[in-house]
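Heads up: take any position in the sequence shown, counting from 1, add 10, and you land on my numbering.
Hints were generated in silico from the structure; no laboratory data involved.
Check the hints yourself; a few may be wrong.
[Stated by the list, open to error] Straight-line distance between alpha carbons at most 25 Å, and here's what the computed SDA-like set of lysine to any residue pairs gives:
1. K188 with F262
2. K116 with E134
3. K188 with W218
4. K188 with F285
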Amino acid sequence: MGRHVVTSHTEAEIASQPSCWRRAVADVPVDALPRHGERVAVVGCGTSWFIAMAYATLRERAGHGETDAFAASEAPSGRSYDRVLALTRSGTTTEVLELLGRTTTKISAITADPETPIMRAADEVVVLDYADERSVVQTRFATTQLALLRASLGEDLTRAIEDAERAVAAPLPDELVKAEQFSFLGTGWTVGLAQEAALKMREASRSWTEAYPAMEYRHGPISIAGPGRVTWMLGAAPDGLRGQVEQAGGMFFDSELDPMAELIRAQRVAVARAFAQQLNPDEPMHLTRSVILSP
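All chains should be built: construct the whole structure from the sequences, respecting the hints.
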(Lines of atoms letter the chains of each structure in order from A and count residues from 1; the text may use other names and numbers.)
(Lines give C-alpha, C1' and ligand atoms only; values in the text may rest on other atoms or scores of the structure.)
Protein backbone atom coordinates (compact mmCIF):
# COMPACT_ATOMS: atom_id res chain seq x y z
CA MET A 1 0.00 0.00 0.00
CA GLY A 2 1.45 3.40 -0.99
CA ARG A 3 2.07 6.24 1.43
CA HIS A 4 -1.10 8.18 2.17
CA VAL A 5 -1.07 11.98 2.01
CA VAL A 6 -1.50 13.36 5.54
CA THR A 7 -5.10 14.49 5.98
CA SER A 8 -5.60 14.23 9.75
CA HIS A 9 -4.03 15.47 12.95
CA THR A 10 -3.56 11.86 14.03
CA GLU A 11 -1.41 11.05 11.00
CA ALA A 12 0.77 14.12 11.51
CA GLU A 13 1.20 13.30 15.19
CA ILE A 14 2.13 9.70 14.41
CA ALA A 15 4.74 10.88 11.91
CA SER A 16 6.31 13.27 14.43
CA GLN A 17 7.18 10.56 16.95
CA PRO A 18 10.86 10.08 16.05
CA SER A 19 11.57 13.78 16.59
CA CYS A 20 9.58 13.81 19.84
CA TRP A 21 11.53 10.81 21.14
CA ARG A 22 14.82 12.53 20.31
CA ARG A 23 13.81 15.56 22.31
CA ALA A 24 12.63 13.47 25.24
CA VAL A 25 15.80 11.40 25.60
CA ALA A 26 17.98 14.50 25.26
CA ASP A 27 16.40 16.11 28.32
CA VAL A 28 15.53 13.60 31.05
CA PRO A 29 14.52 15.43 34.26
CA VAL A 30 15.72 12.70 36.62
CA ASP A 31 14.94 14.72 39.76
CA ALA A 32 11.21 14.62 38.96
CA LEU A 33 11.06 10.88 38.25
CA PRO A 34 11.30 7.80 40.49
CA ARG A 35 14.70 7.35 42.11
CA HIS A 36 16.70 4.16 42.09
CA GLY A 37 15.56 1.86 44.89
CA GLU A 38 12.18 3.49 45.50
CA ARG A 39 9.05 1.35 45.67
CA VAL A 40 6.78 2.92 43.05
CA ALA A 41 3.15 2.72 41.95
CA VAL A 42 2.50 3.95 38.41
CA VAL A 43 -1.09 4.92 37.62
CA GLY A 44 -3.07 6.07 34.63
CA CYS A 45 -6.25 5.51 32.65
CA GLY A 46 -6.66 4.00 29.19
CA THR A 47 -3.50 4.48 27.16
CA SER A 48 -1.67 5.85 30.20
CA TRP A 49 -2.38 2.66 32.12
CA PHE A 50 -0.89 0.56 29.33
CA ILE A 51 2.22 2.76 29.26
CA ALA A 52 2.40 2.40 33.04
CA MET A 53 2.38 -1.39 32.60
CA ALA A 54 5.29 -1.23 30.17
CA TYR A 55 7.36 1.08 32.37
CA ALA A 56 6.71 -0.90 35.54
CA THR A 57 8.06 -4.06 33.93
CA LEU A 58 11.08 -2.26 32.47
CA ARG A 59 11.92 -0.57 35.78
CA GLU A 60 11.89 -3.81 37.74
CA ARG A 61 13.82 -5.62 35.02
CA ALA A 62 16.49 -2.91 35.14
CA GLY A 63 16.87 -3.41 38.90
CA HIS A 64 15.60 0.04 39.89
CA GLY A 65 13.08 -1.21 42.44
CA GLU A 66 9.69 -2.82 42.92
CA THR A 67 7.18 -1.19 40.60
CA ASP A 68 3.44 -1.80 40.28
CA ALA A 69 1.09 -0.46 37.59
CA PHE A 70 -2.60 0.18 38.18
CA ALA A 71 -5.59 1.65 36.41
CA ALA A 72 -6.22 4.71 38.59
CA SER A 73 -9.73 3.55 39.41
CA GLU A 74 -8.45 0.17 40.65
CA ALA A 75 -5.36 1.18 42.62
CA PRO A 76 -5.47 -0.62 46.00
CA SER A 77 -5.53 1.33 49.23
CA GLY A 78 -3.30 0.56 52.19
CA ARG A 79 -0.15 -0.36 50.27
CA SER A 80 3.08 1.39 51.13
CA TYR A 81 5.00 3.12 48.34
CA ASP A 82 7.82 5.63 48.27
CA ARG A 83 6.32 7.39 45.27
CA VAL A 84 3.27 7.44 43.01
CA LEU A 85 3.90 8.30 39.37
CA ALA A 86 0.79 9.51 37.55
CA LEU A 87 0.66 9.48 33.75
CA THR A 88 -2.01 11.81 32.34
CA ARG A 89 -1.92 13.61 29.01
CA SER A 90 -4.78 15.96 29.86
CA GLY A 91 -4.02 16.48 33.55
CA THR A 92 -7.77 16.49 34.21
CA THR A 93 -8.82 12.83 34.38
CA THR A 94 -11.21 12.35 37.29
CA GLU A 95 -9.97 8.97 38.52
CA VAL A 96 -6.33 10.11 38.54
CA LEU A 97 -7.05 13.33 40.42
CA GLU A 98 -9.25 11.55 42.96
CA LEU A 99 -6.55 8.96 43.62
CA LEU A 100 -3.86 11.60 44.06
CA GLY A 101 -6.14 13.57 46.35
CA ARG A 102 -6.14 10.76 48.88
CA THR A 103 -2.48 9.81 48.41
CA THR A 104 -0.11 10.78 51.22
CA THR A 105 3.14 9.67 49.63
CA LYS A 106 5.29 11.71 47.25
CA ILE A 107 3.67 12.23 43.83
CA SER A 108 5.31 12.72 40.45
CA ALA A 109 3.36 13.21 37.24
CA ILE A 110 3.92 13.41 33.50
CA THR A 111 1.47 15.53 31.53
CA ALA A 112 1.12 17.51 28.31
CA ASP A 113 -0.72 20.53 29.68
CA PRO A 114 0.81 22.80 32.34
CA GLU A 115 -2.49 24.64 32.86
CA THR A 116 -4.41 21.78 34.46
CA PRO A 117 -5.15 20.51 38.00
CA ILE A 118 -2.38 17.90 37.90
CA MET A 119 0.12 20.73 38.43
CA ARG A 120 -1.33 21.28 41.93
CA ALA A 121 -2.02 17.63 42.69
CA ALA A 122 1.58 16.44 42.21
CA ASP A 123 4.78 17.40 44.01
CA GLU A 124 6.90 17.15 40.85
CA VAL A 125 5.65 17.40 37.28
CA VAL A 126 7.28 16.72 33.91
CA VAL A 127 5.53 18.65 31.13
CA LEU A 128 5.88 17.25 27.61
CA ASP A 129 3.87 20.00 25.94
CA TYR A 130 5.73 19.54 22.66
CA ALA A 131 4.23 16.04 22.43
CA ASP A 132 0.65 17.15 23.09
CA GLU A 133 -1.97 16.28 20.49
CA ARG A 134 -4.99 17.81 18.83
CA SER A 135 -6.42 14.38 18.11
CA VAL A 136 -8.50 12.63 20.75
CA VAL A 137 -6.61 9.44 19.88
CA GLN A 138 -3.36 9.42 21.85
CA THR A 139 -0.25 8.40 19.91
CA ARG A 140 2.88 10.53 20.21
CA PHE A 141 2.35 11.63 23.81
CA ALA A 142 2.11 8.02 24.97
CA THR A 143 5.27 6.90 23.22
CA THR A 144 7.20 10.07 24.05
CA GLN A 145 6.63 9.66 27.75
CA LEU A 146 7.68 6.01 27.49
CA ALA A 147 10.82 7.05 25.59
CA LEU A 148 11.56 9.49 28.42
CA LEU A 149 10.99 6.80 31.04
CA ARG A 150 13.12 4.26 29.21
CA ALA A 151 15.94 6.79 28.96
CA SER A 152 15.60 7.51 32.68
CA LEU A 153 16.37 3.83 33.30
CA GLY A 154 19.63 4.14 31.36
CA GLU A 155 18.45 2.73 28.03
CA ASP A 156 20.05 3.93 24.80
CA LEU A 157 17.17 4.65 22.42
CA THR A 158 19.29 5.40 19.34
CA ARG A 159 18.17 2.25 17.56
CA ALA A 160 14.55 2.68 18.69
CA ILE A 161 14.45 6.14 17.12
CA GLU A 162 15.99 4.87 13.90
CA ASP A 163 13.41 2.06 13.85
CA ALA A 164 10.66 4.62 14.43
CA GLU A 165 11.79 6.53 11.35
CA ARG A 166 11.53 3.33 9.34
CA ALA A 167 8.09 2.55 10.79
CA VAL A 168 6.79 6.00 9.86
CA ALA A 169 7.94 5.73 6.25
CA ALA A 170 7.42 2.08 5.31
CA PRO A 171 4.44 1.09 3.11
CA LEU A 172 1.61 -0.65 4.94
CA PRO A 173 0.74 -4.20 3.81
CA ASP A 174 -2.75 -4.37 2.31
CA GLU A 175 -3.51 -7.51 4.28
CA LEU A 176 -3.22 -5.54 7.51
CA VAL A 177 -5.47 -2.73 6.33
CA LYS A 178 -8.08 -5.20 5.10
CA ALA A 179 -7.91 -7.80 7.90
CA GLU A 180 -11.08 -8.89 9.69
CA GLN A 181 -9.63 -9.19 13.20
CA PHE A 182 -6.43 -8.56 15.18
CA SER A 183 -4.90 -10.24 18.23
CA PHE A 184 -1.93 -8.27 19.58
CA LEU A 185 0.61 -10.15 21.68
CA GLY A 186 3.52 -9.16 23.88
CA THR A 187 5.88 -10.51 26.50
CA GLY A 188 7.24 -8.66 29.53
CA TRP A 189 7.08 -4.92 28.95
CA THR A 190 5.48 -5.32 25.53
CA VAL A 191 2.28 -6.78 27.02
CA GLY A 192 1.33 -3.17 27.77
CA LEU A 193 2.21 -2.15 24.21
CA ALA A 194 0.04 -4.97 22.84
CA GLN A 195 -2.87 -3.65 24.88
CA GLU A 196 -2.20 -0.16 23.56
CA ALA A 197 -2.03 -1.33 19.93
CA ALA A 198 -5.38 -3.05 20.31
CA LEU A 199 -6.87 0.07 21.87
CA LYS A 200 -5.67 2.24 18.98
CA MET A 201 -7.39 -0.06 16.50
CA ARG A 202 -10.63 0.13 18.44
CA GLU A 203 -10.52 3.88 18.93
CA ALA A 204 -9.50 5.00 15.46
CA SER A 205 -11.23 2.41 13.27
CA ARG A 206 -13.69 0.51 15.50
CA SER A 207 -11.82 -2.69 14.62
CA TRP A 208 -12.29 -6.03 16.34
CA THR A 209 -9.11 -6.37 18.39
CA GLU A 210 -7.87 -8.31 21.39
CA ALA A 211 -4.57 -8.39 23.29
CA TYR A 212 -2.83 -11.04 25.38
CA PRO A 213 0.51 -12.08 26.84
CA ALA A 214 2.02 -14.19 24.06
CA MET A 215 2.25 -17.43 26.02
CA GLU A 216 -1.34 -17.06 27.24
CA TYR A 217 -2.61 -16.71 23.67
CA ARG A 218 -2.24 -20.45 23.23
CA HIS A 219 -4.46 -21.11 26.24
CA GLY A 220 -7.73 -20.47 24.43
CA PRO A 221 -7.57 -17.24 22.39
CA ILE A 222 -5.69 -18.92 19.53
CA SER A 223 -9.00 -20.60 18.71
CA ILE A 224 -10.02 -17.38 16.97
CA ALA A 225 -7.10 -17.51 14.49
CA GLY A 226 -8.11 -18.13 10.90
CA PRO A 227 -8.21 -16.71 7.37
CA GLY A 228 -8.40 -12.92 7.31
CA ARG A 229 -7.38 -12.67 10.96
CA VAL A 230 -4.04 -11.32 12.17
CA THR A 231 -1.92 -12.33 15.15
CA TRP A 232 0.49 -9.43 15.62
CA MET A 233 3.52 -9.84 17.87
CA LEU A 234 5.26 -6.86 19.47
CA GLY A 235 8.76 -8.03 20.32
CA ALA A 236 10.25 -11.50 19.98
CA ALA A 237 7.72 -14.30 19.51
CA PRO A 238 7.84 -17.51 21.57
CA ASP A 239 9.17 -20.52 19.70
CA GLY A 240 6.57 -22.30 17.62
CA LEU A 241 3.86 -19.67 17.89
CA ARG A 242 4.05 -18.55 14.26
CA GLY A 243 3.64 -22.13 13.08
CA GLN A 244 0.62 -22.70 15.27
CA VAL A 245 -1.12 -19.55 14.02
CA GLU A 246 -0.37 -20.32 10.39
CA GLN A 247 -1.51 -23.91 10.83
CA ALA A 248 -4.85 -22.50 11.98
CA GLY A 249 -5.03 -20.45 8.77
CA GLY A 250 -4.23 -17.13 10.42
CA MET A 251 -1.68 -14.47 9.47
CA PHE A 252 1.25 -13.92 11.83
CA PHE A 253 3.06 -10.57 11.82
CA ASP A 254 6.18 -9.56 13.69
CA SER A 255 9.36 -7.63 12.99
CA GLU A 256 12.82 -6.91 14.32
CA LEU A 257 11.91 -3.29 15.02
CA ASP A 258 12.02 -1.96 18.55
CA PRO A 259 8.54 -2.78 19.92
CA MET A 260 7.77 0.90 20.46
CA ALA A 261 8.49 1.48 16.77
CA GLU A 262 6.32 -1.50 15.86
CA LEU A 263 3.52 0.19 17.80
CA ILE A 264 3.83 3.05 15.30
CA ARG A 265 3.02 0.64 12.49
CA ALA A 266 -0.10 -0.47 14.37
CA GLN A 267 -1.11 3.18 14.84
CA ARG A 268 -0.72 3.79 11.11
CA VAL A 269 -2.77 0.71 10.23
CA ALA A 270 -5.52 1.91 12.58
CA VAL A 271 -5.67 5.25 10.77
CA ALA A 272 -5.61 3.62 7.33
CA ARG A 273 -8.49 1.37 8.36
CA ALA A 274 -10.41 4.39 9.63
CA PHE A 275 -10.11 6.13 6.27
CA ALA A 276 -11.10 2.93 4.47
CA GLN A 277 -14.34 2.99 6.48
CA GLN A 278 -14.83 6.76 6.05
CA LEU A 279 -14.25 7.35 9.77
CA ASN A 280 -12.45 10.36 11.24
CA PRO A 281 -9.53 9.08 13.33
CA ASP A 282 -9.17 12.48 15.02
CA GLU A 283 -12.62 12.23 16.58
CA PRO A 284 -13.44 8.60 17.44
CA MET A 285 -17.01 7.77 18.28
CA HIS A 286 -18.10 8.11 21.94
CA LEU A 287 -14.72 9.45 23.09
CA THR A 288 -13.36 12.76 24.38
CA ARG A 289 -9.81 13.95 25.09
CA SER A 290 -10.29 13.48 28.84
CA VAL A 291 -12.80 11.58 30.94
CA ILE A 292 -14.18 14.02 33.51
CA LEU A 293 -16.92 12.49 35.62
CA SER A 294 -19.72 14.59 37.08
CA PRO A 295 -20.10 14.44 40.87
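Do the hints match the structure? See the list:
1. Proposed proximity of K188 and F262 is supported: the alpha carbons are some 14 Å apart, at most 25 Å.
2. With a C-alpha separation of about 9 Å, the suggested pairing of K116 with E134 holds against the 25 Å cut-off.
3. At roughly 12 Å between alpha-carbon atoms, K188 and W218 fall within 25 Å of each other, so this suggested pair holds.
4. The straight-line distance between the Cα atoms of K188 and F285 is roughly 12 Å, inside the 25 Å bound, and the hint therefore holds.
No hint from the list above goes unmet by this structure.
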